[in-house]
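Chains as they are written, first to last, in the working numbering: chain A, 1 to 138; chain B, 1 to 138; chain C, 1 to 138; chain D, 1 to 138.
If you are wondering where the hints come from, they were derived from the structure by calculation, not from laboratory data.
Worth double-checking, as some hints may not be accurate.
Treat identical chains as interchangeable: a pair holds within one or across any two.
In silico SDA-like pairs for lysine to any residue, Cα to Cα no more than 20 Å straight-line [stated by the list, open to error]:
(1) K60 x T47
(2) K60 x E100
(3) K60 x S8
(4) K60 x R129
(5) K60 x W13
(6) K60 x N41
(7) K60 x G43
(8) K60 x Q78
(9) K60 x A119
(10) K60 x I108
(11) K60 x S125
(12) K60 x D113
(13) K60 x Y19
4 protein chains.
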Amino acid sequence: MPSSFSHSLRVRWSEVDAYGVVFNGNYLNYFDVAITEYFRNLGLQFTNPEAIGGEFYVRKATLEYHGPARFDDLLDIQVRCGRIGNSSLQLLLLITRNGELLVSGEIIYVNTDPATRTAAPVSPSLRQRIEAFENPSD
Amino acid sequence: MPSSFSHSLRVRWSEVDAYGVVFNGNYLNYFDVAITEYFRNLGLQFTNPEAIGGEFYVRKATLEYHGPARFDDLLDIQVRCGRIGNSSLQLLLLITRNGELLVSGEIIYVNTDPATRTAAPVSPSLRQRIEAFENPSD
Amino acid sequence: MPSSFSHSLRVRWSEVDAYGVVFNGNYLNYFDVAITEYFRNLGLQFTNPEAIGGEFYVRKATLEYHGPARFDDLLDIQVRCGRIGNSSLQLLLLITRNGELLVSGEIIYVNTDPATRTAAPVSPSLRQRIEAFENPSD
Amino acid sequence: MPSSFSHSLRVRWSEVDAYGVVFNGNYLNYFDVAITEYFRNLGLQFTNPEAIGGEFYVRKATLEYHGPARFDDLLDIQVRCGRIGNSSLQLLLLITRNGELLVSGEIIYVNTDPATRTAAPVSPSLRQRIEAFENPSD
């Protein structure tokens with residue numbers, strides 16, 4: 001996965017559990033933060049339905065844990081869009097610390113119409129913007 | 001403080017930090033949970049502006065920490081309304097474990113009009129319902 | 001999945017996001033709470049290495065989101081042990097609200113030796129206790 | 001309060017509630033993050049008992065809420081040490097957004113001996129380092 005985007009953050013004290021490692025659920029929060037920055041980098045606010053063409057909800061999340069992050073670790077979160085379906089987006093994520101892989105994951109979002117709360121196509125402009133970023137040579 | 005209402009909850013693994021004790025900020029979450037139950041006990045949903053006569057925002061919070069709660073502890077959270085001002089509510093809270101005081105606190109809420117986002121009087125019906133509960137002999 | 005164990009909890013205000021639904025990462029916290037109760041029901045404290053024969057870390061988590069939970073919803077979380085490997089446990093989870101499926105998931109834990117932090121076999125007594133619960137007729 | 005130290009962070013989606021504003025308890029998390037950075041700026045890791053001369057626990061926290069922070073807001077958190085007692089530290093905090101005051105607070109920590117879990121004097125070297133930073137002209 002030649003990642004095109006990366007965001008860094010530091011592990012907070014409140015995110016670490018009594019084993020001294022980041023609680024497993026908090027990585028979905030890290031994914032969310034990095035995905036917000038991925039879209040900011042495209043010039044878009046991901047949670048603004050008007051900017052992005054709908055409300056995106058997570059349909060599926062998969063996380064594999066390879067090693068623990070600890071308090072105060074500086075983590076890099078790589079984000080790449082793996083696939084754009086009719087109404088879905090697949091995002092692939094890697095969390096590393098100094099190049100060591102800690103967590104890998106996949107988030108599948110479904111776009112919805114805020115009025116009807118039903119699935120809605122990914123807007124052409126969003127599709128175009130992601131594709132231009134992920135495949136600049138096309 | 002002869003407390004009139006109490007709610008119990010168990011400390012979650014994600015709420016404990018690397019010292020093995022509940023992270024200090026999580027007690028405000030426990031307060032919030034207990035206050036929700038305090039109003040449910042009055043027959044009201046605290047976060048429903050129509051039921052409660054506005055949106056209540058925290059204006060001030062004070063917490064004193066007397067001893068640490070740990071993972072899996074069963075906590076009792078006592079809630080009492082100390083004072084009802086023109087647009088404010090003062091709630092007093094005590095967190096105990098088997099009768100041992102761990103945290104005491106005070107939350108001051110201000111009622112606001114959802115449309116204008118400015119302070120609004122506590123509705124007469126809410127005032128009456130709290131007073132009837134807190135001073136049943138009046 | 002004829003589920004053998006279920007735990008109920010109520011959605012907290014702090015767990016809901018600006019869309020008015022539970023933030024996706026918080027379901028892993030709900031899973032964790034229910035798994036703690038699953039093991040309590042077996043007479044064991046899951047996070048106590050001496051009681052459980054090691055420290056269990058999440059190796060993989062998968063969540064499928066079928067519908068949103070909202071503030072104050074009362075959720076049922078069913079837990080079942082799907083498979084016990086040499087050093088791993090697969091737990092299957094279902095979150096429902098009044099019988100409606102909201103989230104399904106799978107958590108794979110790996111047992112580790114607290115001293116060496118390397119994979120360790122699931123203890124025979126833990127294996128026996130889970131099997132006796134999941135397959136009472138055997 | 002001529003603040004000597006400031007740390008910036010961005011409001012995360014998971015930290016905002018259904019009213020669209022940061023949940024009140026999360027500001028204690030922001031305080032904690034900024035205090036960690038305050039001590040890093042002094043060359044110290046606040047949660048490392050050996051570096052800092054003990055384990056610091058929050059004894060009292062006070063927060064005043066002047067205005068709401070919202071998703072994606074960039075916040076500045078100013079930290080100043082107000083007083084160093086025999087075994088306590090008083091830290092004063094201000095959270096602003098583009099110069100507008102949102103939250104002010106005070107955290108009182110007590111130092112403890114990790115072995116005995118009882119109050120312990122603030123180490124002379126920590127005292128000296130804080131004083132040198134806060135009063136550089138002395």
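Next on the checklist: Hint compliance check: list the failing hint numbers for this structure, sorted ascending.
Outcome noted: Hints 3, 4, 6, 7, 11 contradicted; others consistent.
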